[in-house]
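Visitor: Now for the letters of each chain:
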Amino acid sequence: MTKEGVQGVTEEEQQAQSKKALKKQQKEAEKAAKKAEKQAKLAAEQQSTDEDDFAKDRYGVSVMVQSQQKLGKQCFLVLRQQQFNVQALVAVGDRASKQMVKFAANINKESIVDVEAVVRKVEQKIESCSQQDVELHIERIFVISQAEPRLPLQLEDAIRPDGEGEEEGRATVNQDTRLDNRVIDLRTTTSQAIFRLQSGVCQLFRDTLTKKGFVEIQTPKIISAASEGGANVFTVSYFKTSAYLAQSPQLYKQMCICADFDKVFCVGPVFRAEDSNTHRHLTEFVGLDIEMAFNYHYHEVIDSITDTMVQIFKGLRDNFQTEIQTVNKQFPSEPFKFLEPTLRLEYTEAVAMLHEAGVEMGDEDDLSTPNEKLLGRLVKEKYDTDFYVLDKYPLAVRPFYTMPDPNNPKYSNSYDMFMRGEEILSGAQRVHDPELLTERALHHQIDLEKIKSYIDSFRYGAPPHGGGGIGLERVCMLYLGLHNVRQTSMFPRDPKRLTP
Amino acid sequence: MALRELASLEKYLGLKKPNKYSTQGDKKIPVLQNNSPPLVGLVTIACHLVKESNHQELLGDTADSRAVVQQWLEYRLTRLDIYTKEDIKTVLKDLNLYLQDKVFLAGNHVTLADILIYYGLHPIIVDLAVQEKEEYVNVTRWFDHIQHHPGIRHHLPPVVVLRNRIYTSRHR
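Just so you know, the protein sequences line up as chains F and V, in that order. Going by this note's numbering, 514 is the number at position 423 of the first sequence; the sequence numbering is gapless. Going by this note's numbering, 270 is the number at position 123 of the second sequence; the sequence numbering is gapless.
No lab work stands behind these hints, which were simulated from the structure alone. Each hint should be verified, as a subset may be incorrect.
Covered stretches of chain F, going by a simulated chain V footprint (3 or more residues, C-beta under 8 Å) [as the list claims (entries may be wrong)]:
id, region
1, 443 to 449
2, 456 to 470
Simulated pairs of lysine-lysine, DSSO-like, Cα-Cα distance not exceeding 27 Å [said to hold, decoys possible]:
id, chain 1, residue 1, chain 2, residue 2
3, V, Lys175, V, Lys236
4, F, Lys464, V, Lys240
5, F, Lys464, V, Lys236
Here are the computed distance ranges between Cβ atoms for each label pair [what the hints assert, rightly or not]:
id, chain 1, residue 1, chain 2, residue 2, range
6, F, Gln215, V, Arg226, 52 to 62 Å
7, F, Phe325, V, His292, 53 to 63 Å
8, F, Asp454, V, Ala276, 18 to 28 Å
9, F, Tyr474, V, Glu282, 18 to 28 Å
10, V, Val284, F, Glu307, 45 to 55 Å
11, F, Gln174, V, Thr237, 46 to 56 Å
12, V, His295, F, Ala443, 21 to 31 Å
13, F, Glu425, V, Asp211, 44 to 54 Å
14, V, Asn285, F, Val213, 45 to 55 Å
15, V, Arg310, F, Gln174, 35 to 45 Å
Positions of the beta carbon are idealized from the N, C-alpha and C atoms, including for glycine.
With these hints in hand, go ahead and build the complete structure from the sequences.
Guide: Listed below in structure tokens is the structure:
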């Protein structure tokens, strides 16, 4: 049942909503055929034990019923489709009998129903539904798929904001229950909004990059050697030997650049066997990775990536306001702010800002998570942006394939990007010269045998290039101001969860 | 610790001759042995020094403020030498509430109470994160005021206080 597919029958309605009437008439024709079929079936099944059930053929078992409330001669139902819900009413009258009202009241919650009704305006706004100015007066109601009477969680509880739950003594649903019964939890208006927004992020990512001339590639996820340090990979048995699940498409992105594809991106799963049980780590997540060759300076890469991110933010802001508002109802947060062009700070500036705020850290130390968050706050306060780039990280804290800064050997041509004070992207200009790469690998005490094929791929002409990767779930979580990445992952995987 | 405080206090008061102190017991309670009988205890010695240096206003102008000063000096001895997390929070909350509408702890100018509470509170404030300093905004404001007062800080490193609030939004 969609907002437009409901039929209006009375003359008043047809005059008042003339635009909809045309559509309705079309639907009427389609539905008439279906109804006739159903009527015949039901008539055969009906047992006429009750007296005078004149509305016998107007109800049975098809829209999801979210909840209902019986008040004497009337029954109120809340019907829901994806993000929207509407109030519906079955009242004893010439179209509905007492038995029909009783039937409507006894339909199990979350059952799928088929409804034929009249759309009526209401004088008082209906606060509890998304469609606040109309209600449906039901003439026929059929159940298409019945739900079991006892639900593992109640949807009204699932969309209640946490604070409200505590104040009024009503229940809210905790995360583990939600994740165990994910199919029902995903039906809530909030979840629907979150994942539609996530789909939007993916789409905007692809569209923006394709417009910039990038080619989408698919990289293998079963690989023979751990790409970044052996500790955090999943091992799978591969016929007579074992193989690993890819931690990132890094190696293959770079090989594509060496294969003369110039600018590539890929969207695919990333597997990290980190035993971290935090609010922002998953063992499997969707990585949106970019790699491109540049002409003069690696800042071209940074500009490309930040422009893509800004286009994504703008697209979400302009086209997904409904979804953002729906999520904010349950999880209030401030709107996401960003600057154009994107703010870019150097690492030394950031360290100076932290020193000013009283934090003690060395110039070449990596930023700890609390310091990253504090820096995010300081930047927000000073520049009024939730999204910024930190450029020129110290060389000592970056992986071996990062290109050192030609002007200052202590620093590197690498950068991180932050949203709301949390890191979403780690990227750099890559070393494309096999000799320098070997030297850096030895410096980091990495076994050259294990990365031989990686180094070899640069021996036959490799352009200077750089890139970075973001996590889809983390970006959505931070854009919406949520606090746990599992809320933005449909069926999340972490060290403690393998199902559903 | 207490000895360094007394030395700084002497410098602030402008006393020419620094006194020699010894300590007594496990808690290193300072003892001044200039005259007989010997003076024992941080607050006792501090009050004696103030009287010696003719800076009587540091103990309070009116009877009312003198009483308040004594109250805070006792607070310093009994409450501020405890270091469990719960107690720290209680102390900071109390002070925050008290300092809501006051510039100094007693009266309208710096008193011995401000000085000794500042010395006692310093190690706690040094360890607070920016977010906590913003939470106890009145304590931070008073602390910053006192630490910039000429002559008080001496042996203690300054604590950085940000002028703008950075924890205004709801996102953690």
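Visitor: Look at each hint and say if it fits the structure.
Guide: Hint-by-hint comparison with the structure:
| no. | hint | verdict |
| --- | --- | --- |
| 1 | 443 to 449 | holds (count 3) |
| 2 | 456 to 470 | holds (count 5) |
| 3 | Lys175/V - Lys236/V | holds (26 Å) |
| 4 | Lys464/F - Lys240/V | holds (25 Å) |
| 5 | Lys464/F - Lys236/V | holds (23 Å) |
| 6 | Gln215/F - Arg226/V: 52 to 62 Å | holds (58 Å) |
| 7 | Phe325/F - His292/V: 53 to 63 Å | holds (57 Å) |
| 8 | Asp454/F - Ala276/V: 18 to 28 Å | holds (22 Å) |
| 9 | Tyr474/F - Glu282/V: 18 to 28 Å | holds (24 Å) |
| 10 | Val284/V - Glu307/F: 45 to 55 Å | holds (52 Å) |
| 11 | Gln174/F - Thr237/V: 46 to 56 Å | holds (47 Å) |
| 12 | His295/V - Ala443/F: 21 to 31 Å | holds (22 Å) |
| 13 | Glu425/F - Asp211/V: 44 to 54 Å | holds (47 Å) |
| 14 | Asn285/V - Val213/F: 45 to 55 Å | holds (51 Å) |
| 15 | Arg310/V - Gln174/F: 35 to 45 Å | holds (44 Å) |
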